[in-house]
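J.: Using the hints provided, position chain B relative to the given structure of chain A.
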Amino acid sequence: MALTEKTGRKHGADRPPTRPVRRLTRPDPAARSRGGQRFLLLGLILASVYSLFPVYWLTVAATKDRVGLYQSNGLWLSGWHLWDNVQQVFTYDDGIFLRWTANSFLYAGVGSAGGTLIALATGYGLARFDFPGRGAVFACVVGSFLIPIALLTLPLYLLFSAIGLVDTPWAMLIPCLINPFSVYLAKVYTEATIPFELLEAARIDGAGELRIFFSIVLRMMTTGGATVFLLAFVNTWNAFFLPLTVLRGEENWTLNLGLYNWSGKRLESGVDVTSLVLTGALLSIIPMAIMMVAMRRYWRTGVTLGALK
Amino acid sequence: MIRSQRWKGAAFTVPFQLGFAFLYLLPIGYAIYQSLFLQKQSGLGLGGATTEFVGLENYRHGLTDSAFLSSILRVVLFACVQIPFMLLISLLLALFLDAVTTKAAGRFRILLLVPYMIPGVVAAIVWINLYSPEVGPLSPLGEVFGFDWNFFAPSMVWPAIGNLLTWHGIGYNMVIIYAALQGVPRELFEAARLDGASELRIALSIKIPFVRGALVLTALLSIIQMLQIFNEPALFRNVTPQTVSDSFTPIMIIYNQAFNAGNYHYAAALSVLLALILGIASFLFYRLTSKEAD
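Note that the protein sequences, when read in sequence, are chains A and B. Here our numbering is used: the first residue of the first sequence is 1403, the next is one more, and so on. Here our numbering is used: the first residue of the second sequence is 36, the next is one more, and so on.
With the rest of the complex left out, here is chain A:
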């Protein structure tokens, strides 16, 4: 199919450079002076050090015990207490940290999966059908980018508490199902990957609209769908204002909320939980980092596509 070839090439462009197609579009390195290249590389190295330094410090800090954390040089190791710290994080308060991790995965995983399916259907409907009110739906999608979270979250809290959803997982899951940015991305992807002719051909063959959507459109949109899912997942995993507002009891909290609470504890109770907070922070980055690296192909296209269209 002509279409898969096209998307295939687009992703090939993200791969390293041995392909001639890519070379043509790159500047010719020979045209640069050596000194100029060195200057550019130096700038990039400095920026990378700035970007990585906090993560390095966090990793080193997570290997220290309390004495090491307060008294040794922050930039170098002093004793090896990483496993003690990790154990402490997982056993503190009857293992509440594991509970928060599971909650974060539940909200981000299930919420984004449902949200992605709804977004793909909506994007497909908007991109490939011309129905009355289509412009209005799309206007809602784009207009909602400008709505401040407080304007939605506070009344949502009242509505949820009226129907008894506050402080249950549903209070996090339901809002994740409707994500205008996902819809926007899904529409852009549909326009790029689903040709009208293909749909016409399927209709002539007698396929129903639902069947076309589930067995043709969804299958062709796996790349787009994965991108939408990944960005929604990251969004939910990073959410703070919504969980802070709608989740009260700590057994329903997310990792972010739990870490926020721990980092505030230092002052109130006089107990020092700094190394707990730091090790917890390091652990909470790991799932996100694995996911981002494993799916980097998708989110790179998602970030740039969503922004440039």
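If you are wondering where the hints come from, they were derived from the structure by calculation, not from laboratory data. All C-beta atoms in this analysis are idealised placements derived from N, C-alpha and C, irrespective of residue type, glycine included. Take these hints with a grain of salt, some might be off.
As the list claims (entries may be wrong) - Just the calculated beta-carbon pair ranges, DEER-fashion:
no.	chain 1	residue 1	chain 2	residue 2	range
1	A	1653	B	245	47 to 55 Å
2	A	1508	B	325	42 to 50 Å
3	A	1564	B	87	17 to 25 Å
4	A	1571	B	226	53 to 61 Å
5	A	1473	B	232	54 to 62 Å
6	B	314	A	1616	35 to 43 Å
7	B	180	A	1512	47 to 55 Å
8	A	1569	B	318	35 to 43 Å
T.: Structure of chain B alone, referenced to chain A:
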């Protein structure tokens, strides 16, 4: 397209429309409705509270509330400094990436995107500890160079938050600008080089004008985010409540009015006001930047 087919197409969007109505339109309508009321204590507060219709009273109060207005002014001023600074660095890095070999560009792009992979709350926790005079490495480092900086002092809070936001944002913005740079037709550079233009000149007169759209977009996204800033100041407040007040940013005021002061009607009015300000600011910015392009 056949008529029945159109309606089937519309059906694909129905789940979203229902959800949007319930999760967006209904809450907004409810907030506007609630903002027109006020809870008043009758008599000496003994007879319990009654809810009264007060029209636009809450809005009038909001527009003359010095805490609310100064919180807006605070974030606007901060945005005017931090956003140009962050975007300038992102643009520079994107230009640098565009000018080195493909292999180097690929490696640095990943490294520079590491901060973007870290959730905002965790990033704030990490930087707060880096700033901390007790455990952070920055205070002893400052001493070596003869600085006696205290990042939790009132004059340093915004620079400290600004650095955190810049650190967190440059990678993401760089990738967007870099992607736009990749779209510049390479023949233009060859032609300019043949005419004897320097690399700097090419960057200034071809590359930067070409990525203008990406710059406007990243600036607009940053403005929208900045007016709603909440997480970072809230986490700083966790550590230094004496320097970061509970009315530091507009959203912090709204949150406190709703959940700590129990003044929900007023919080609703303030959030509607904030939405209007956000809309106006985005519109003005968009008009201003698109006019210049003509």
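J.: Just tell me: holds or violated, for the beta carbon distance of residue 1569 of chain A and residue 318 of chain B against 35 to 43 Å?
T.: Holds, at about 38 Å.
J.: Honestly, do residue 314 of chain B and residue 1616 of chain A meet the 35 to 43 Å range at C-beta?
T.: Because 38 Å falls inside the window, the suggested range holds.
J.: If I claimed the Cβ atoms of residue 1653 of chain A and residue 245 of chain B lie 47 to 55 Å apart, would that claim hold in this structure?
T.: 52 Å, holds
J.: Taking 47 to 55 Å as the stated bounds, is the beta-carbon spacing between residue 180 of chain B and residue 1512 of chain A within them?
T.: 50 Å, holds
J.: Okay, residue 1473 of chain A versus residue 232 of chain B on CB: inside 54 to 62 Å?
T.: Since residue 1473 of chain A and residue 232 of chain B have Cβ atoms about 57 Å apart, the given range 54 to 62 Å holds.
J.: Kindly confirm whether 53 to 61 Å is satisfied by the beta carbon distance between residue 1571 of chain A and residue 226 of chain B.
T.: 60 Å, holds
J.: So the hint says 42 to 50 Å: do the beta-carbon atoms of residue 1508 of chain A and residue 325 of chain B match that?
T.: Holds - the Cβ-Cβ distance for residue 1508 of chain A and residue 325 of chain B, about 43 Å, lies within 42 to 50 Å.
J.: Regarding residue 1564 of chain A and residue 87 of chain B, is the given constraint of 17 to 25 Å on their beta-carbon distance met?
T.: 21 Å, holds
Checked against the numbered hints above, the structure breaks none of them.
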